[in-house]
Each structure stands twice: as structure tokens, then as C-alpha cells.
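Peer 1: Chain residues, written in single-letter form:
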Amino acid sequence: MSALTVDDLHLAIGKTSVLRGVSLDLPAGSVHGLVGESGAGKTMVARAVLGITPRRARITAGRIAIAGQDVTAGKRPLGKGVALIPQDPISALNPVHRIGRQIGDALRLHLGLDRKATDTRVLELLDHVHIREPERVARQYPHELSGGMRQRVLIAAAFACRPPLIIADEPTTALDVTVQRQILRLIRELQREAGTAILFVTHDLGVVAKVCDQVSVMHAGRIVEQAPVETIFAAPAHAYTAALFQATPRYDRPADALRPVPANLHDDLLAEAAAYDRARR
Amino acid sequence: MAEPRIWAGGAVLATLVAVALLAPWLAPHDPLAQDLLAGQLPPFWLAGADPLYPLGTDSLGRDLLSRLIYGARVALTVAVVASALAALLGTALGLVAGWFGGWADMAISRLIDIWMAFPPVLLSIVLVAVIGAGLPAVIIAIVIVDWTRFARVIRAEAIQQRGRDYITSAVTIGLGRWAILLREILPNVLPLLLVLLTLEMGVAVIVEAILSFVGLSVSSDSPTWGGLIAEGRQYIHQAWWVMVAPICCLIVVVVGLNALGDGLKNALDPVLRR
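Protein chains in written order, with my numbering: chain A, 1 to 281; chain B, 1 to 274.
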């Protein structure tokens, strides 16, 4: 059974189309990368899956199923069935609560653990994400921890109830490069161990290459190419995917080999999107 | 300590509390005892003063210092009780409006708009006139008039909190809406609430003085600062100190409470503290 199925999802904010027929299928235990430029709609897909779209956003067509259960119009099994690793670890922890409590909330809520069992489990989770001195960290407040530490805490919280699906919304963008590698490795390690499926939203193709099995490339609310990660890196089928690779710096290429995504390619894709909107009306 | 205003304002508040609590022991005389032979005695630094009455007496020979001390009880009671109740009502409505939005926000915000269209002092005078004079009436009037001060600001703060990432995090672990409001948002608005509460105490002291000045507060036989000002006004040319002394008390207390509020605001706001 698939951990996540998104089928022909259309979403509009007011009269503006934001998602135009997005389809994804994540088998249990797979990692699916969702890449694209800012405004392509990657984060909106993630938010729609979690049911936290902006107030004026409406799903106009399509369906979302988490672990086989249709949640398009209903309540998401938040915390237990699907969890989020957020983008910015600095602001994603409530400044007034201790670390231990913020991880423990989900445990108490979904697993019905008592205080003592929760505390023990929190320490295990902190240890699991390679935080040294978990007893001390559990008693600390968010501002006492570094960005990387906080992201580890948030990862521990996301995996706390062992949900079959985790949405990772650019979990490394706010971190510096050396920490990024450790965090990616940690996510991959925990994912393999728990058999979690992850929808990995990012604009960083390097990150995709490291952690993903499948990749979807988005532009203007549509998926322009979907393929296994080896295929897409070896031979991108769509011109836009190829252009994205051209725009990504690589250590084995001179810096002046970088090319921005050509403007006419953007224009063509936007014209296609507009034609698509007209055809649906 | 980088905030001297907290210390100055705190000292004023502490003094007010101490004087109000210890009034029976601090006051040299019964505040109601008349001594018609010792009427309109001047305070101690003027010629003709009686050392028995350090701040002088009013036209009925009642000791001014004792009356001021007992007046502090009324001022403090109103400041604490009325502010706390107004804070409770305003914060509850502000949080609900800001967090739930939609219809709740529409209804509460329009109510606030309508409320604020009335001149506040006039509204409280009318209210007390309708409810009837007395301390509970004064407190109710202040609560009914001033809850909007809290509701407006707390609503804005709750809306800001709603957009924070940690609130989204709380949503995505599956916490309920009320649980998030009470456990994630409320603790974050408490510092702001403390500042508002302190400032509101100053306002409540003034409103109580206004109401007792126009004779709508506590019955005339228990002394209030506003009542003293009203009495002193009648013989301002013969015994000016009867009016000036309670005005000084009011000014010191209100300035002190405002300083405390401003100091707390700076100390608790991480942006201003920088």
C-alpha cells in the first residue's frame, strides 16, 4: 500500500490556480524529492497533504490519500499518520517550552504515555538523533541550542510516533553546509530504520541526489518530469529539468559553466500552464 | 539593572500596597473622627500647624493624612480588582478573536469598534448611575469600559502568533485548537498582558477618582482621593491643602504605575531590549 497518493490535485487561492493536476505516489519506505524554483508550488503540495493550506486556498479537484485513507476533505492523521520536519528550526520550536516537553507532546497525545514513560521515551529519541547529554538538553529551552541541534530535536519530534509518512519541507535550507550533511544523513538513517516514506521538498538538486529514490520536478504548479533519481540525473527528459541542472553549481565544472534557466523556456511553460487553465474552464 | 523605571514604579506600587494593607496601624487618627475645634488646620510646615495633624485637617477637623491613607485602600482595591477582571474578559475575547478568526473575529472586532465609539469616562459615569453607586458598581463599570484595551492588543498579538512556525508545528503534531490556544499561544502573550495590566491599573485609579469626584463611588463617609478633591474644591481659598494632597497622591501613583508598565515593556520585549 502506498504511504501517500496524490491524484490529479488542483488547488486555487482565490481565482489563481496554484496547483494544476499534481500526481504523486510514494510506496511505503520510499523517499520522493519534490524540486522546483520558488513559487513552483512544492510547498503548497506539502501543505495540502498536511491540511495546513492558507485560509483562502481551495482544493478544486483531485484527491489525497495517506496510507490508503482518503483525506482530501477530511482530517489528517497529524502526528500519528503524518508528521512535518519544518524548514526553519530556529522558529519552529516554541520559545516558552522546554525541549523535552515539545517532543513529549505528541507522545502523550497519540500514544497515551504517562509522564514517566514519556520522559524515558524523549531521552531515547534525543539519543537516537545523536544528541549528547539528552538529560540536559531535554531540560533546556530552544534558544539555548544551535540551529543544527534544534533541527535534530524537530526530527526526533517528527519520528516520535513512528508515522508511516513524513513531510520534510526544505529541512536543510536554514542550516550551514557542514550541518546540512549531518542532518541529511540522520534523516536517511532514521527513515531506513523506521521504514518511513518521506516527501522531500527542496530546491537543492544536490540534496535530491543524496537522499531521494524518486524525483518530481515542478514548474508553475505542474509536474513536468517524474523519474527515478538515477535516470533523471543521467538523462533528464524534459528541457526544464536539464536547464535546472545547468543552473546548479558543481565542483567538477567551472563556475562560468552556470546557466540561468532561459527566459523563453519559462515563457513557454507559463503559456502551457495558461492554456491548461483555459482548457479546464 | 538596566531599567530604573521598573524599580521606581515597583517602589510606588509596593508603597501603595503597604499603606493600604496597614492603614489601621499607619493612620494617626480615625479618618472619620471630627474635631470641629481643629478645623482647617494647615500642614506641618506652615504657621499655626498642630503636630497632632501632620498634613492638616479639613473644614470638619478630620485628619487629612488618615483620610489619604484610607483612600489608598479604595484606590488599590479598584486598581487590582477592576484591572484583573478587565484583563480576564479582554484577553479571553482577544485570544478567541485572534486565533479562531472568521466569524468569531468579525463579531468581537465589531463589538470593540462600537465600544470604542463611546467616550469612556462618560460611559462609566452613565453605567454607575444605572447600576447604582458603591465599590462593586465602580469596578463593574471600569471592567465594562476597559476590556477593549486588552481585547484589541491581545487579538493583534494572537494573530501574529498564529503565523509563527511553532504554531504550525503544534498543528502538525495533532494538538487541538483549544490546546494550542491555551498551551502554545497564551504563555507567549503573558509578558504583553503583564504590561497592559500595569498600565490599566493606573487608568483604573484615575477613573475611580473621577467617579468619586462626581459622587458616584463609595458612600461619602469612607474617604477616597476623588472624594477628597471634591471636598477640598469647596474651600480651596481657605484650605488649599485638602485638595492638593490627594491630587499629589494620584499623580505619584499613576506616574509610578505607568513607569512600571513602560519599564516592563522594554525589559520584556526582546526587540526593544537590544
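Treat the hints with care, since some could be wrong.
[Stated by the list, open to error] Partial list, derived from the structure: chain A residues whose beta carbon lies under 7 Å from chain B:
#	residue
1	84
2	96
3	258
4	262
In case anyone wonders, no lab produced these hints; they're calculated from the structure. This one's a predicted model, so the numbers in the text were calculated from it and none came from an experiment. Glycine included, every Cβ here is placed at the ideal spot set by N, Cα and C.
Peer 1: Are the hints correct? Go through all of them and say.
Peer 2: Structure-based check of each hint:
The beta carbon of residue 84(A) is positioned within 7 Å of a beta carbon in chain B (closest approach about 4 Å), and the interface hint is therefore held. With its C-beta approaching chain B no nearer than about 4 Å, residue 96(A) sits inside the 7 Å limit, and its interface hint holds. Checking residue 258(A) against chain B: minimum C-beta separation of about 32 Å lies over 7 Å; hint violated. A least Cβ separation of about 35 Å between residue 262(A) and chain B goes past the 7 Å threshold, and the interface hint is therefore violated.
Checked against the numbered hints given earlier, this structure breaks hints 3 and 4; the rest are met.
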